[in-house]
Amino acid sequence: MNPDANQPVHEQGKHHQSRAQLDDEVQQIKAAIANPQAFGVLYDKYYLRIFRYVFQRVEDEDVAADVTSVVFSKALFSLSKYQFRGVPFSAWLFRVAQNELNQLFRKNKVQQVVNIPLETLAQIAEDATEEGLEERVEDLKKAMKCLSEDELKLVEQRYFENRSYKEIAEVLDMEENNARVKTFRVIQKLKNLLTK
Amino acid sequence: MSKIKFNINRKNITDEQALKHKSFDKVMAGYKAMNTPLYKTFKFWTGAGIAVTTVVVATLLFINKHEKETESAVKPPIENLDIQNIHFSVDASRDTVMTSETGSQIKISANSFVDKNGNPVAGIVDIEYREFHDVVDIFLSGIPMAYDLSLIHI
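Those protein sequence lines, which keep their order, are chains A and B. Position 148, counted from 1, in the first sequence is what the working numbering calls 826; the numbers after and before it change by one each time, with no gaps. Position 80, counted from 1, in the second sequence is what the working numbering calls 322; the numbers after and before it change by one each time, with no gaps.
Just so you know, the hints here were simulated from the structure itself, not pulled from any lab data. We put the CB at the ideal spot given by N, CA and C, even for glycine. Nothing false has been slipped in among the hints.
Listed below are the simulated BS3-like cross-link pairs for lysine-lysine, each with C-alpha atoms no more than 27 Å apart in a straight line:
hint	chain 1	residue 1	chain 2	residue 2
1	A	820	A	787
2	B	264	A	785
3	A	844	A	752
4	B	268	A	723
5	A	723	B	253
6	B	282	A	752
7	A	787	B	274
8	A	723	B	274
9	A	823	B	245
10	B	247	A	867
11	A	752	B	262
12	A	708	B	274
13	A	752	B	268
14	A	787	B	247
15	A	787	B	262
16	A	752	B	285
17	A	823	B	253
18	A	869	A	819
19	A	752	A	723
20	B	262	A	723
21	A	708	B	264
22	A	723	A	759
23	A	708	B	268
24	B	245	A	819
25	A	820	B	253
26	A	785	A	823
27	B	247	A	819
28	A	759	B	282
29	A	787	B	253
Listed next, with one range per pair, are the computed distances between beta-carbon atoms:
hint	chain 1	residue 1	chain 2	residue 2	range
30	A	852	B	274	32 to 40 Å
31	A	699	B	277	25 to 33 Å
32	B	261	A	737	17 to 25 Å
Sequences and hints are given; from them, build the entire structure.
Here's what the structure looks like:
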């Protein structure tokens, strides 16, 4: 079976950076290590993406703002440990954000939220008709509760945030093909749960 | 997974709304707080204060317990009927034989006394002693006759 069958149209390459842009970014990181105030350039560049990433996973706008702020502070604090691996700096920032969120969820300091756009349900539950979508919402919620944390992250990123497999792989620190296969398996699992 | 809240079609936040929260100063403040040496933090001094207080309290409790442990075990049950001490003085450099009213004799050879450092004591030495002749005397003295069998080594 082709893992890409019935997959949503994603914003492939929306955040793609050329080699020259990546090199510029490396220079910006070096500048920030030498002078923390220079981190402002990277903050301006990625603030909205990180804020949206966090906000997608929490209930409250103010909580998202606080967590985003901590993510950038921690990123700046650990910047000297950052190693360029040919992917945009944002991949590392997303990982810092995900770790921060995991910590907060684990300590029950923040309510973990999964925001599901209704139209994605059609992509997951192929058999649901347009009219019947809302009726399947409860089934989908129940099915998603059966997923592990890692499986849920893949569905969130691929279906609810329209990320490309390349991006998912960068954020979740895995091979692109691995992200593709794992996501396919999770969707099969969800479909099975929904047809029960 | 049961703690997760699922929202369907939540309204998206606009860039303007998200940008309202943007503050690089807040990021820098957080960064500086992470960079503050541990010894300069309130948390450190609170922890240090608690640790020092714990050590002091533990020491005082230990001393108190130790003092209680070294407290005299001899407790006369009836204060006014306690067996009284008998006093006498001897010249440490001479042989002495002291005979009490009850006929008891105490013989002390010359130069028998030494101080805590083991040096011979010269001059007059004051001596106090008590005589216990029967069960009643021992009872009135309050000297405990019970002992801990576990301390007996075979």
